[in-house]
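Here is what each chain is made of, one letter per residue.
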Amino acid sequence: MNKPEQYTTDHNRGELFISVRNAAVVYNQKRSIFKLRKFEALKDVSLDIHAGESVGVIGRNGAGKSTFLRLLAGIIKPDRGTVINTGVKVSLLALQVGFAPELSGRDNIMLSGMLLGFSKDAILENMDAIIEFSGLQSHIDVAVRTYSTGMSARLGFSIAHQLHPDVLLIDETLGVGDKAFQIKSSKAMKEKIKSNQTVVLVSHNAQTIAELCDRAIWIEDGVAFAKGLVDEVLWLYNNAAKLEATRKMGKNRDIQK
Amino acid sequence: MIKDLYNYRGYIFYSTRAKLITEVIQNHLGFLWWLLDPLLKMAVYYGVFVYLLHRGTEDFVSFLIVGIVAFTWFSTSVMQGASSINEARGLMQQIHFPKIIVPTITFSVKSFRFVIVTIVVMVFLSIKNEPFVTWFAVPAVVLSQAMFTYGVLLIGSAVVPLVPDVAIIIQYVLQAMMFGSGVFFRIQPGQANYDIFMLNPMAKILEQYREVLLYNRWPNWNSLVIIALLGVFLSVVMSYVIKKLDHCYPRVAR
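Chains as they are written, first to last, in my numbering: chain L, 1 to 257; chain R, 1 to 254.
Please keep in mind that the hints were generated in silico from the structure rather than gathered at the bench. Values in this document were obtained by computation on a predicted structure and should not be read as measured data. Mixed in with the good hints there might be a few duds.
[Unchecked claim] Straight line, CA to CA, 27 Å or less: simulated BS3-like cross-link-like pairs of lysine-lysine:
1. L/K43 <-> L/K192
2. L/K89 <-> R/K128
3. R/K3 <-> R/K19
4. R/K128 <-> L/K120
5. R/K243 <-> L/K77
6. L/K89 <-> R/K243
7. L/K38 <-> L/K89
8. L/K242 <-> L/K192
9. R/K128 <-> L/K38
10. L/K38 <-> R/K243
11. R/K41 <-> R/K244
12. R/K41 <-> L/K77
13. L/K120 <-> R/K41
14. L/K89 <-> L/K187
15. R/K243 <-> R/K3
16. R/K3 <-> L/K120
17. R/K19 <-> L/K77
18. R/K128 <-> L/K35
19. L/K120 <-> L/K89
20. L/K89 <-> L/K77
21. L/K35 <-> L/K77
22. R/K243 <-> R/K41
23. L/K89 <-> L/K190
24. R/K41 <-> L/K89
25. L/K77 <-> L/K43
26. R/K244 <-> L/K43
27. L/K120 <-> L/K192
28. R/K19 <-> R/K41
29. L/K89 <-> L/K242
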């Protein structure tokens, strides 16, 4: 398989934000008192994330994408290898991080913002922008308990979006609100990316990554299969998918015979 | 530890407030439950000890209510603290934060509730009798209990995510402590086993509350300081342990 030339855009990359080197994550699954099964979610992944980049993470379900995102967010530490954060504020665009259902939307903005590590002043400064972006003006002083799933998701997105962390991690597989807000949020994300926001986007939709990212990493079975410019990685990913599909079709044909 | 708590003081404050509001508006009687809970407990103990066992010291109502309120603060803090980190699982898997703030929020919720209830109890006592000058020592007793409670609560919260079985053990320990702390009986100096009985810090604490609130005597300052220092020691050690395990909890919590 032809691997794309790695780091072809090295010459114009910004300051190093996060560096992942040969990271592996092993989960212990306890079966009984004596049996301990080890499960390698990530085996060997390396990636550098520089200022202003937008990096797509692609791979199938259970390939280790979410674990990789947790490593980047500093939630867990690798069992082998290293993750170095050069001192930047990373936040997972987590929908509804720690919402208190009995409190108003406004109070929840405060709560979430503080958990994301922002000061009271910074949140108050951005309060109006967050409310406006979420489109929840008429509901903002009502308990979040009364919100629909889509409305809470919109509030969650707006908080992380408006507070500008250094690196924004987005797990697209979680989905954000209704169709109209999806279009709005994806447009907002595109604008962010253009405005030099550093983004890591997890998705199993190659189309989204092609649209939004300039680099990509393809994780399969806990290993970085390919990484580099987005077009090259996606070309490999799509062709591999096709290859797999034809192989499966072939198998089916065999069975039918 | 201090630095983490300081950095997240805003979050701790807002989250405590959120939890208190939730607690109050969750039930129809809301805030009244804060007072009904100790009253109902007292009714049970009073019935059992006065009518069934024909025991009970003089002014048993005041004696019971002081013991119940203070011990409930300790036991509910430790119990909920033990499950607090596991309950924050969803949050931990989405964002990194120092885990010590989770049991700290549990503690501040319970403490706020305790302070309000204690004020009501003191108003009740001052209606029955004139307040004593020794009431000025109440904050010292509260502070000593606060230190001790926080230290014990941190042990549970640090260990339970790793060894869930400890949560069950904690229940038994708390029950044993309730019987062994003199919530509903009194052991006085000079009585057999007094010294052994008072090795239990909660027994000593409850004794001090009653000394200052009911018997117009100053507390045993040495004991209060020793118990507070024990609490500080536990807090420092356990916060160090929790810090070490900060990245481990998101993996093991269930």
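To see whether the hints hold, each was checked on the structure:
1. L/K43 <-> L/K192: Judged against 27 Å, a Cα distance of about 32 Å means the pair is violated.
2. L/K89 <-> R/K128: violated, 57 Å
3. R/K3 <-> R/K19: holds, 23 Å
4. R/K128 <-> L/K120: Violated: R/K128 and L/K120 sit about 46 Å apart, past 27 Å.
5. R/K243 <-> L/K77: Holds: R/K243 and L/K77 sit about 13 Å apart, inside 27 Å.
6. L/K89 <-> R/K243: Satisfied, since the Cα-Cα distance of roughly 19 Å is no more than 27 Å.
7. L/K38 <-> L/K89: violated, 32 Å
8. L/K242 <-> L/K192: The hint is violated at about 32 Å.
9. R/K128 <-> L/K38: With Cα atoms ~65 Å apart, R/K128 and L/K38 exceed 27 Å; violated.
10. L/K38 <-> R/K243: Given that 27 Å is the threshold and the Cα spacing comes to 25 Å, the pair holds.
11. R/K41 <-> R/K244: violated, 40 Å
12. R/K41 <-> L/K77: violated, 46 Å
13. L/K120 <-> R/K41: violated, 41 Å
14. L/K89 <-> L/K187: holds, 23 Å
15. R/K243 <-> R/K3: holds, 12 Å
16. R/K3 <-> L/K120: Answer holds: R/K3 to L/K120 is near 17 Å, not above 27 Å.
17. R/K19 <-> L/K77: Measuring from Cα to Cα gives roughly 30 Å; hence the hint is violated.
18. R/K128 <-> L/K35: Violated: R/K128 and L/K35 sit about 62 Å apart, past 27 Å.
19. L/K120 <-> L/K89: Roughly 16 Å separates the two Cα atoms, so the pair holds.
20. L/K89 <-> L/K77: holds, 16 Å
21. L/K35 <-> L/K77: holds, 24 Å
22. R/K243 <-> R/K41: Violated, at about 37 Å.
23. L/K89 <-> L/K190: holds, 20 Å
24. R/K41 <-> L/K89: Given pair R/K41, L/K89 is violated - Cα atoms ~49 Å apart, limit 27 Å.
25. L/K77 <-> L/K43: Holds. L/K77 to L/K43 sits at ~13 Å (cutoff 27 Å).
26. R/K244 <-> L/K43: Measuring from Cα to Cα gives roughly 24 Å; hence the hint holds.
27. L/K120 <-> L/K192: Holds - the C-alpha atoms of L/K192 and L/K120 are around 23 Å apart, at most 27 Å.
28. R/K19 <-> R/K41: This hinted pair holds, its Cα atoms lying about 23 Å apart.
29. L/K89 <-> L/K242: Distance of about 39 Å is beyond 27 Å: violated.
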